[in-house]
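Colleague: What follows is the residue order along each chain.
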Amino acid sequence: MDSFITLFVDDEEEFLATVLKRMKKRNLEVVGANSGEEALAVLKSHHVDVVVLDVRMPGMDGIQTLREIKREFPLVEVVMLTGHANMEVAVEGMELGAFDYLMKPVEIDELLYKLQDAYKKKSIQEEKIKQINTLKK
Amino acid sequence: MEDSRYKKLQRVYIVLILLVSFTPLFLLGGIMYYQVAKTYRIKIEEQIRYRAISQTDSIDLFLKERTAILAAIADTVNFDQILDEKNLLKIFEIINLRAGAFVDLGVIDQAGQHRAYVGPYELRGLNYFQQPWFSEVMTKGVYISDVFTGFRASPHFIIAIRRQEDKNCWILRTTIDPDIFGGIVRSAQIGKTGDAFIVNKEGTYQTTPRFYGNILGKTDIDPSKFGGLTTVNEEINSQGEKRLTAGRWLKNKTWLLIISQDVSEEMGGLLQTRNQEIAIILVGSILIILTTVITTRLTVAKLEEADTRMNELNAKLLQSDKLAALGKMAAGVAHEINNPLAVILQKTGWMEDLLEDEALKNSKEIVEYRASLKKIEEHVERARKVVHNMLGYARKMEPRLEDVDINETLRQTISMLENYARLNSIEVKTILSPDIPIIASDQSQLQQVFLNIISNAIDATGRDGLIEVKSAVGETTIDVMIADNGPGIQEEQQKRIFDPFFTTKQTGKGTGLGLWITYNIVEKLGGSISFNSEVGRGTTFTVKIPNAPPTEK
Numbered sequence: 001m002d003s004f005i006t007l008f009v010d011d012e013e014e015f016l017a018t019v020l021k022r023m024k025k026r027n028l029e030v031v032g033a034n035s036g037e038e039a040l041a042v043l044k045s046h047h048v049d050v051v052v053l054d055v056r057m058p059g060m061d062g063i064q065t066l067r068e069i070k071r072e073f074p075l076v077e078v079v080m081l082t083g084h085a086n087m088e089v090a091v092e093g094m095e096l097g098a099f100d101y102l103m104k105p106v107e108i109d110e111l112l113y114k115l116q117d118a119y120k121k122k123s124i125q126e127e128k129i130k131q132i133n134t135l136k137k
Numbered sequence: 138m139e140d141s142r143y144k145k146l147q148r149v150y151i152v153l154i155l156l157v158s159f160t161p162l163f164l165l166g167g168i169m170y171y172q173v174a175k176t177y178r179i180k181i182e183e184q185i186r187y188r189a190i191s192q193t194d195s196i197d198l199f200l201k202e203r204t205a206i207l208a209a210i211a212d213t214v215n216f217d218q219i220l221d222e223k224n225l226l227k228i229f230e231i232i233n234l235r236a237g238a239f240v241d242l243g244v245i246d247q248a249g250q251h252r253a254y255v256g257p258y259e260l261r262g263l264n265y266f267q268q269p270w271f272s273e274v275m276t277k278g279v280y281i282s283d284v285f286t287g288f289r290a291s292p293h294f295i296i297a298i299r300r301q302e303d304k305n306c307w308i309l310r311t312t313i314d315p316d317i318f319g320g321i322v323r324s325a326q327i328g329k330t331g332d333a334f335i336v337n338k339e340g341t342y343q344t345t346p347r348f349y350g351n352i353l354g355k356t357d358i359d360p361s362k363f364g365g366l367t368t369v370n371e372e373i374n375s376q377g378e379k380r381l382t383a384g385r386w387l388k389n390k391t392w393l394l395i396i397s398q399d400v401s402e403e404m405g406g407l408l409q410t411r412n413q414e415i416a417i418i419l420v421g422s423i424l425i426i427l428t429t430v431i432t433t434r435l436t437v438a439k440l441e442e443a444d445t446r447m448n449e450l451n452a453k454l455l456q457s458d459k460l461a462a463l464g465k466m467a468a469g470v471a472h473e474i475n476n477p478l479a480v481i482l483q484k485t486g487w488m489e490d491l492l493e494d495e496a497l498k499n500s501k502e503i504v505e506y507r508a509s510l511k512k513i514e515e516h517v518e519r520a521r522k523v524v525h526n527m528l529g530y531a532r533k534m535e536p537r538l539e540d541v542d543i544n545e546t547l548r549q550t551i552s553m554l555e556n557y558a559r560l561n562s563i564e565v566k567t568i569l570s571p572d573i574p575i576i577a578s579d580q581s582q583l584q585q586v587f588l589n590i591i592s593n594a595i596d597a598t599g600r601d602g603l604i605e606v607k608s609a610v611g612e613t614t615i616d617v618m619i620a621d622n623g624p625g626i627q628e629e630q631q632k633r634i635f636d637p638f639f640t641t642k643q644t645g646k647g648t649g650l651g652l653w654i655t656y657n658i659v660e661k662l663g664g665s666i667s668f669n670s671e672v673g674r675g676t677t678f679t680v681k682i683p684n685a686p687p688t689e690k
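Residue numbers (the working numbering), protein chains in the order written: chain H, 1 to 137; chain E, 138 to 690.
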């Protein structure tokens with residue numbers, strides 16, 4: 001499988017750092033952001049394929065961030081990370097175009113599979129866009 | 138304490154109402170009786186006074202008539218004519234025919250010698266010179282004697298008239314029939330106890346009284362007490378009877394007519410009135426007391442009931458307020474715990490990742506490390522479950538309304554617990570009403586409710602128990618009763634069993650969230666949950682679910 005870049009967004013620094021470390025150990029290209037605002041800045045300067053987004057964050061929360069991402073980078077896939085209490089938020093996220101949601105605390109392997117699925121979807125979509133573009137020419 | 142407060146209130150009410158009712162009743166009754174008695178007394182006094190007056194008048198008239206007849210004869214005949222007993226007899230017969238009541242007629246000369254006589258006694262030739270009345274009539278001219286026995290030895294009185302004929306002086310004397318005279322006097326006797334008689338100034342009976350005494354006997358009435366006009370007194374006679382007595386002197390001022398009447402007979406009408414009044418007041422009082430006691434009891438009972446209901450409602454509100462606050466707090470705590478748990482899990486995951494490194498893989502203690510990490514993960518998982526439960530049920534969750542068959546839900550729930558019950562050799566008996574309608578509710582949440590209560594019951598009962606699950610149609614609810622014959626809930630624990638984290642189970646065996654969650658679900662479904670527990674006999678939980686008809690599709 002092609003390598004892809006994942007952006008992890010979580011306000012819990014320890015959590016973020018550890019997840020990044022574990023992903024790197026599994027040979028995944030990852031970047032991290034502490035808040036929604038920071039995530040949008042990273043997206044502007046880096047190429048990112050998939051975003052893992054915590055919904056409960058101070059400042060710009062998950063849903064707002066998701067909305068911004070989908071507006072500015074519609075091709076980027078987003079996986080929501082929610083607490084159990086935020087099922088409604090998860091549903092809202094799905095309606096706003098998130099790829100899927102995972103419940104915290106999450107198994108690292110489950111997360112890995114989900115990321116690969118998300119990237120696959122993104123690749124297929126990019127492939128389709130390429131084809132349309134070729135047809136246009 | 139509460140009880141005596143209501144009892145006291147009841148007593149105060151009763152005493153107040155009775156006081157307010159009885160005071161005017163008795164006052165009115167008393168005053169009215171007093172007034173009636175006074176009027177009545179005046180009336181009977183007037184009556185007896187009037188009778189005395191009219192009776193003396195008729196007696197006076199009787200005596201005046203007889204005196205006048207005698208005087209007329211004495212004035213029209215002369216001594217020689219009257220001495221002829223044939224003439225005397227003729228006069229006697231005429232006056233007895235015209236007026237009556239004359240027993241005899243006699244002529245006495247100035248020496249006191251009885252010269253001529255007609256009548257039933259042999260009085261001719263007797264000399265009256267020594268008799269006290271003889272000098273009396275000689276000086277006064279007209280004389281009516283007191284009753285005396287005289288020569289004939291039987292009580293009688295006489296009327297005597299003196300005739301002055303030139304130098305000669307003679308007396309015409311007659312005896313009045315005591316029976317006729319007594320009869321006139323007695324005609325004033327009225328009723329069973331009425332008496333009428335005449336006494337003289339010395340208190341000697343001049344006619345035979347009806348009761349206790351004889352003619353010429355002494356009376357215990359003191360004549361000096363009776364004045365010039367008619368006097369009415371109340372006397373108590375020798376027999377101890379209260380008698381109302383009216384006395385009036387005759388015109389000759391020597392005889393006193395007494396009319397008396399037993400007070401109790403005269404007052405009989407009043408007595409009857411008094412008894413009627415007492416009876417009415419008595420019946421009224423009993424009715425007032427009964428009505429007061431009954432209505433007061435009812436009112437106080439109603440009040441007590443309302444208070445009890447109010448207290449129950451307050452207790453319920455307090456309970457739901459407390460649980461809501463606890464729920465909010467628990468949810469907040471759960472959120473805050475969730476994040477550190479996630480970090481811990483990532484850290485242990487990272488450590489496990491690192492243990493895969495070749496260098497560490499060969500370490501002696503690698504097994505111990507791995508085991509410890511697994512334990513940490515296990516306990517994080519345990520904590521996570523608690524948080525999961527709390528967040529799961531504390532969050533705002535609208536129940537999904539669907540068609541629910543309560544009986545079916547109960548059967549499903551029981552079948553889920555069948556193995557668990559069998560392991561503990563507990564019998565689960567179902568008595569399900571066939572009339573339970575399909576209602577609009579949330580099946581999975583109801584299942585959760587029944588599951589929690591029944592599994593609690595199984596845990597509480599221990600071994601060889603019996604659990605009874607009943608369903609019934611209530612007024613506006615479907616009622617599900619789950620009864621066990623376990624040890625029951627201690628009284629001090631009963632207040633807390635719906636509190637989150639309250640458990641009687643061993644640490645690690647229960648989270649203490651089951652009944653709290655159950656309570657919240659039932660509240661959200663618009664129902665209510667209650668229980669009744671008796672230590673040593675078991676516990677019954679009652680869940681009332683609103684009987685809402687399913688929506689039309």
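Watch out, some of these pointers could steer you wrong.
Unchecked claim - In silico DSS-like pairs for lysine-lysine, Cα to Cα no more than 25 Å straight-line: (1) Lys522/E / Lys512/E; (2) Lys607/E / Lys21/H; (3) Lys24/H / Lys522/E; (4) Lys137/H / Lys44/H.
To be verified - Label pairs and their in silico Cβ distance ranges: (5) Ala520/E / Asp100/H: 20 to 30 Å; (6) Asp117/H / Gly673/E: 51 to 61 Å; (7) Gly59/H / Arg507/E: 37 to 47 Å.
Treat the hints as calculated values from the structure; they're not laboratory data.
Only a predicted model underlies this, so the values are computations on that prediction, with no experimental measurement involved.
A virtual CB, placed ideally from N, CA and C, is assigned to each residue, including glycine.
Colleague: Compare the structure with each hint and give your call.
Modeller: So, going through the hints one by one against the coordinates:
1. Under the criterion of a C-alpha separation no larger than 25 Å, the hint pairing Lys522/E with Lys512/E is consistent with the structure, at around 15 Å.
2. Distance check on the hinted pair: Lys607/E and Lys21/H sit about 58 Å apart at the alpha-carbon level, beyond 25 Å; violated.
3. A C-alpha spacing of about 29 Å is found between Lys24/H and Lys522/E, which places the hinted pair above 25 Å, so the restraint is violated.
4. Pair hint Lys137/H plus Lys44/H does not hold up; C-alpha atoms about 28 Å apart against a cutoff of 25 Å.
5. Distance hint check for Ala520/E and Asp100/H: the Cβ-Cβ separation is about 26 Å, which falls inside the suggested range of 20 to 30 Å.
6. In this structure the hint that Asp117/H and Gly673/E lie 51 to 61 Å apart at CB holds, the actual value being about 60 Å.
7. At about 39 Å, the beta-carbon gap between Gly59/H and Arg507/E stays in the expected band of 37 to 47 Å.
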